[in-house]
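S.K.: One letter stands for each residue in the lines below.
2 protein chains.
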Amino acid sequence: MSDYRIIEVKQSVFADNNADAAKLRNELKEEGTFLINLMSSPGAGKTTTLKRTIAELAGSVKIGVMEADIDGEVDAAAIEQAGAKAIQIHTGGMCHLDADMTRQGIREFGTKDLDLVILENVGNLVCPAEFDTGAMRNVMILSVPEGDDKPLKYPLMFKNCQLALINKCDVLAAFDDFDCEKVEQRIHFRNPDCKVIFISAKTGEGFDEWTDTLKDWIAEFKSGSMKPPVHHDI
Amino acid sequence: MSDYRIIEVKQSVFADNNADAAKLRNELKEEGTFLINLMSSPGAGKTTTLKRTIAELAGSVKIGVMEADIDGEVDAAAIEQAGAKAIQIHTGGMCHLDADMTRQGIREFGTKDLDLVILENVGNLVCPAEFDTGAMRNVMILSVPEGDDKPLKYPLMFKNCQLALINKCDVLAAFDDFDCEKVEQRIHFRNPDCKVIFISAKTGEGFDEWTDTLKDWIAEFKSGSMKPPVHHDI
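Sequence order for the protein chains is H and W.
Using this note's numbering, count along the first sequence one by one with no gaps and you end on 237.
Using this note's numbering, count along the second sequence one by one with no gaps and you end on 237.
Be aware that a few hints might be false.
Put simply, identical chains are the same to the list, so a pair is met inside one copy or across any two.
Said to hold, decoys possible - DSSO-like cross-link-like pairs, simulated, lysine-lysine; straight-line CA separation at most 30 angstroms:
| # | residue 1 | residue 2 |
| --- | --- | --- |
| 1 | 54 | 185 |
| 2 | 88 | 185 |
| 3 | 185 | 205 |
| 4 | 225 | 65 |
| 5 | 115 | 185 |
Since the hints were derived computationally from the structure, they do not count as laboratory data.
Here the structure is a predicted model, which is why all the values come from computation and not from measurement.
Could you build the full structure based on these sequences and the hints that come with them?
M.R.: Here you go:
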């Protein structure tokens, strides 16, 4: 029925994940693979956002998605149905991916014909932020129902991302204590360079800005001028 | 302004957390401290649920709350305002609490005059489920906006909880793909013994059942007949 594969990755043997991530980033640069690491809490809408992104960029950007989960294969099936190349990565209970686990996934996946590879990290606002995966851009999704205080409570996630998508804006009326200005201020308090885009993966609100950002990034990567992200350990 | 304290706990030196958790559980049983470990994703509504619980049980149950966070002290302040004894635990970047970190918090907190101590764990569906804190009951909150597929993707969390509160039921209409029957089936697929209660910490829906459960547990604990929970490592 479906032709995506499931890869069981193993925890890295490398003691220095930062050095390994820099190495992987160089390898990916040389072979022209543009990798984005997508992080969020469970249920913030990573898969739904990706499905709409794939649909909106169909015909112009060839996307591959690596779905990392502790267990299950719900997401890879959904992504494949949306029309992108997909692979399911099982982390064997691990709460995050490190650079070598990412490398194992990338090597099995095969990314030669893709413009953009998105790693959907394990749903978790804590641990994935600590481990540089080797991606060129880190993106996080914060959904409106989670509350506008999250940048205060999960600082590293916001420090290590170049872009925060504020998702589920279609339900802002039902969550009237969520303050859009405040959440942006709090994100910029943690990281002044983090771009913030308000979206709804359900209605498509804000998707033009998000997909334009993706296209700009792809062009920048292809031109060779893209600078690697700074990774903060704390 | 506020008299709650902030405790910086350190990662355990014990190799065997399960053994240490059993030891802590015995210590707490002997001194009559009933400890509940409360877990959820970031933003599922742990603090809001606790605030309403404290208000509804005011005068009948003396509650203390240990707020574990990587950083910040928003939650302890909110809990104290709600009228319970509160302490803030900083985990120093750690994504969960183990039994010894819990013990450090309990010892600093002072729990002699309390009927119920609730440990609000770090917002995370993955790691906290792996570490037995020594609590007598494990409770998790899944909020409607997170989606009904979470028991499929975060199995250990549901396996290790005796009760799942499905929160934010007031917004079920806005999240019409959330299937209440399905989520209950999926939770019971992971753990047939996990009780499920549908609540809204905003409107108070379902709180009678939840506070009755708490009162029953407190009585059972005080009678000495409460059995310790089974902890699954995988």
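S.K.: Look at each hint and say if it fits the structure.
M.R.: Cross-check of the supplied hints:
For the homomeric pair residue 54 and residue 185, the shortest alpha-carbon distances inside one copy (29 angstroms) and between copies (23 angstroms) are both at most 30 angstroms. In this homomeric assembly, residue 88 and residue 185 come within 30 angstroms of each other (Cα to Cα) only across copies, at 29 angstroms, whereas the closest approach inside a single copy is 37 angstroms. In this assembly of identical chains, residue 185 and residue 205 lie within 30 angstroms of each other by CA distance both inside one copy and across copies; the values are 23 angstroms within and 21 angstroms between. Taking identical chains as interchangeable, the C-alpha atoms of residue 225 and residue 65 lie at most 30 angstroms apart only when both belong to the same chain, with a minimum of 14 angstroms there against 62 angstroms between chains.
Taking the shortest Cα distances, residue 115 and residue 185 never come within 30 angstroms of each other, neither inside one copy (42 angstroms) nor across copies (40 angstroms).
When held up to the earlier numbered hints, the structure conflicts with hint 5 and nothing else.
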